[in-house]
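Trainee: Sequence:
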Amino acid sequence: MKFRYFYLPLLVLLALPLAFIFSGYTWDLNKLATYSSFWDLITVTANPVAAVIISILLLAVLLYFYRANFKLCIAIAVYCFAAVVATQVIKSVVKNTLEEPRPFTYQIAYRLQEIDAERFISDFEKAYKSNPSNPSPYQADLAGDDSIGNLINSLENGTYTGETTIDVNDDQAPKRVQDYLDYYFDKLDKEKRIAFIRFYENSYMQGPQEETRRAALDRLADESPYSFPSGHSIFAATWMMIFMVMAFMARKASFWLVTAGVVTWGLLVEASRIILGYHYAHDVLASNIIAACVIGATFWIMSFMYRLLSNREAKATETSQN
Numbered sequence: 001m002k003f004r005y006f007y008l009p010l011l012v013l014l015a016l017p018l019a020f021i022f023s024g025y026t027w028d029l030n031k032l033a034t035y036s037s038f039w040d041l042i043t044v045t046a047n048p049v050a051a052v053i054i055s056i057l058l059l060a061v062l063l064y065f066y067r068a069n070f071k072l073c074i075a076i077a078v079y080c081f082a083a084v085v086a087t088q089v090i091k092s093v094v095k096n097t098l099e100e101p102r103p104f105t106y107q108i109a110y111r112l113q114e115i116d117a118e119r120f121i122s123d124f125e126k127a128y129k130s131n132p133s134n135p136s137p138y139q140a141d142l143a144g145d146d147s148i149g150n151l152i153n154s155l156e157n158g159t160y161t162g163e164t165t166i167d168v169n170d171d172q173a174p175k176r177v178q179d180y181l182d183y184y185f186d187k188l189d190k191e192k193r194i195a196f197i198r199f200y201e202n203s204y205m206q207g208p209q210e211e212t213r214r215a216a217l218d219r220l221a222d223e224s225p226y227s228f229p230s231g232h233s234i235f236a237a238t239w240m241m242i243f244m245v246m247a248f249m250a251r252k253a254s255f256w257l258v259t260a261g262v263v264t265w266g267l268l269v270e271a272s273r274i275i276l277g278y279h280y281a282h283d284v285l286a287s288n289i290i291a292a293c294v295i296g297a298t299f300w301i302m303s304f305m306y307r308l309l310s311n312r313e314a315k316a317t318e319t320s321q322n
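Under the working numbering, the first residue of the sequence shown carries the number 1, and numbering increases by one thereafter.
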């Protein structure tokens with residue numbers, strides 16, 4: 001494989017996450033009100049079930065272009081299968097090893113850090129026992145002048161301004177943030193994590209005007225809790241890289257046209273993961289680099305298989321002629 005077959009597609013993959021990074025883009029929990037169903041529709045195409053269907057369709061397209069060469073079709077099928085599986089295995093190992101929280105969990109922790117962690121957690125556990133599927137601070141039997149109780153009263157009275165009283169010089173703030181993160185990841189299973197987010201919504205996101213933000217936050221909480229790297233992005237990047245590498249080899253206008261469509265879809269998937277708050281831009285950047293490296297390695301596997309099958313056929317032909 002010529003080096004340009006690898007580095008030019010890699011540059012395409014790096015462009016989008018680097019654009020987000022250099023632009024200073026930061027996902028904000030408060031901007032969930034601008035949530036777009038378009039981006040949700042895009043990101044769903046890389047969900048597990050949809051990913052299997054997409055993979056079958058994309059592989060079928062590849063094999064159609066090389067249908068005249070059966071040996072090459074076998075090599076391509078093995079190549080694609082190995083690349084997709086390998087990248088997902090690497091993603092799972094890295095994600096479960098590093099356990100980096102998603103953007104929304106960090107932001108919720110920062111918003112809660114001005115409230116006493118032990119009190120908030122105690123209130124959540126009381127409410128969870130009362131109604132595990134939808135715990136509410138009203139079920140926690142709150143008393144006194146705690147922050148959550150005051151917040152609920154201000155929401156009911158229409159006096160809530162949305163302003164915070166965080167002291168930027170408070171050296172205990174990072175510890176309180178970490179207290180919430182430790183509790184969220186170490187003490188709660190998936191069901192309780194979703195309930196914890198519901199409790200946060202019921203405490204801080206009141207009223208019909210918050211329905212869109214609540215629905216978007218529910219979708220975020222329903223995914224795996226860890227951010228780095230991005231499984232959706234690494235899946236999209238793998239197929240983008242496969243098609244771009246094969247397009248350089250095919251040198252057909254029709255193949256490049258299909259490749260342009262695949263690249264457009266893949267970049268939209270990656271953008272959706274950042275815009276919707278599932279991942280940081282550096283998660284997507286790392287995912288693309290991993291995918292590119294795996295594609296480079298598995299391409300040599302495909303080339304080896306193709307040469308092996310060709311040599312066997314040549315030997316069989318030579319033997320039959322003798």
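Hint data in this document are derived by calculation from the structure and do not stem from the laboratory.
Misleading hints may appear alongside valid ones.
[Said to hold, decoys possible] Below are the DSSO-like pairs computed for lysine-lysine, each with C-alpha atoms no more than 30 Å apart in a straight line:
#1 Lys175 / Lys95
#2 Lys126 / Lys71
#3 Lys95 / Lys192
#4 Lys192 / Lys71
#5 Lys71 / Lys95
#6 Lys129 / Lys71
#7 Lys252 / Lys175
#8 Lys187 / Lys175
#9 Lys252 / Lys192
#10 Lys126 / Lys187
#11 Lys71 / Lys252
#12 Lys187 / Lys95
#13 Lys129 / Lys192
#14 Lys187 / Lys252
#15 Lys126 / Lys175
[Stated by the list, open to error] Listed next, with one range per pair, are the computed distances between beta-carbon atoms:
#16 Trp256 / Lys129: 55 to 61 Å
#17 Glu118 / Phe81: 48 to 54 Å
#18 Pro225 / Ser133: 16 to 22 Å
#19 Glu210 / Leu257: 40 to 46 Å
#20 Lys190 / Leu257: 41 to 47 Å
Ideal placement from N, C-alpha and C gives every residue a C-beta, glycine not left out.
Trainee: Hint by hint, note whether the structure agrees.
Mentor: A quick look at each hint next to the structure:
1. Lys175 / Lys95: Distance of about 24 Å is within 30 Å: holds.
2. Lys126 / Lys71: Answer violated: Lys126 to Lys71 is near 64 Å, above 30 Å.
3. Lys95 / Lys192: 20 Å, holds
4. Lys192 / Lys71: Roughly 51 Å between the alpha carbons, so the hint for Lys192 and Lys71 is violated.
5. Lys71 / Lys95: Violated, at about 36 Å.
6. Lys129 / Lys71: Answer violated: Lys129 to Lys71 is near 61 Å, above 30 Å.
7. Lys252 / Lys175: 58 Å, violated
8. Lys187 / Lys175: 17 Å, holds
9. Lys252 / Lys192: With a Cα-Cα distance of about 53 Å, the restraint between Lys252 and Lys192 is violated, given a limit of 30 Å.
10. Lys126 / Lys187: 15 Å, holds
11. Lys71 / Lys252: Cα-Cα ~20 Å, so holds.
12. Lys187 / Lys95: Between Lys187 and Lys95 the Cα gap is close to 19 Å, so the pair holds against 30 Å.
13. Lys129 / Lys192: The given pair, whose Cα atoms are some 11 Å apart, holds under the 30 Å limit.
14. Lys187 / Lys252: 55 Å, violated
15. Lys126 / Lys175: Answer holds: Lys126 to Lys175 is near 24 Å, not above 30 Å.
16. Trp256 / Lys129: 55 to 61 Å: 60 Å, holds
17. Glu118 / Phe81: 48 to 54 Å: Roughly 50 Å apart at Cβ, these two residues keep to the hinted range, so it holds.
18. Pro225 / Ser133: 16 to 22 Å: 19 Å, holds
19. Glu210 / Leu257: 40 to 46 Å: Given about 44 Å between the Cβ atoms, the range holds.
20. Lys190 / Leu257: 41 to 47 Å: Because 42 Å falls inside the window, the suggested range holds.
Checked against the numbered hints given earlier, this structure breaks hints 2, 4, 5, 6, 7, 9 and 14; the rest are met.
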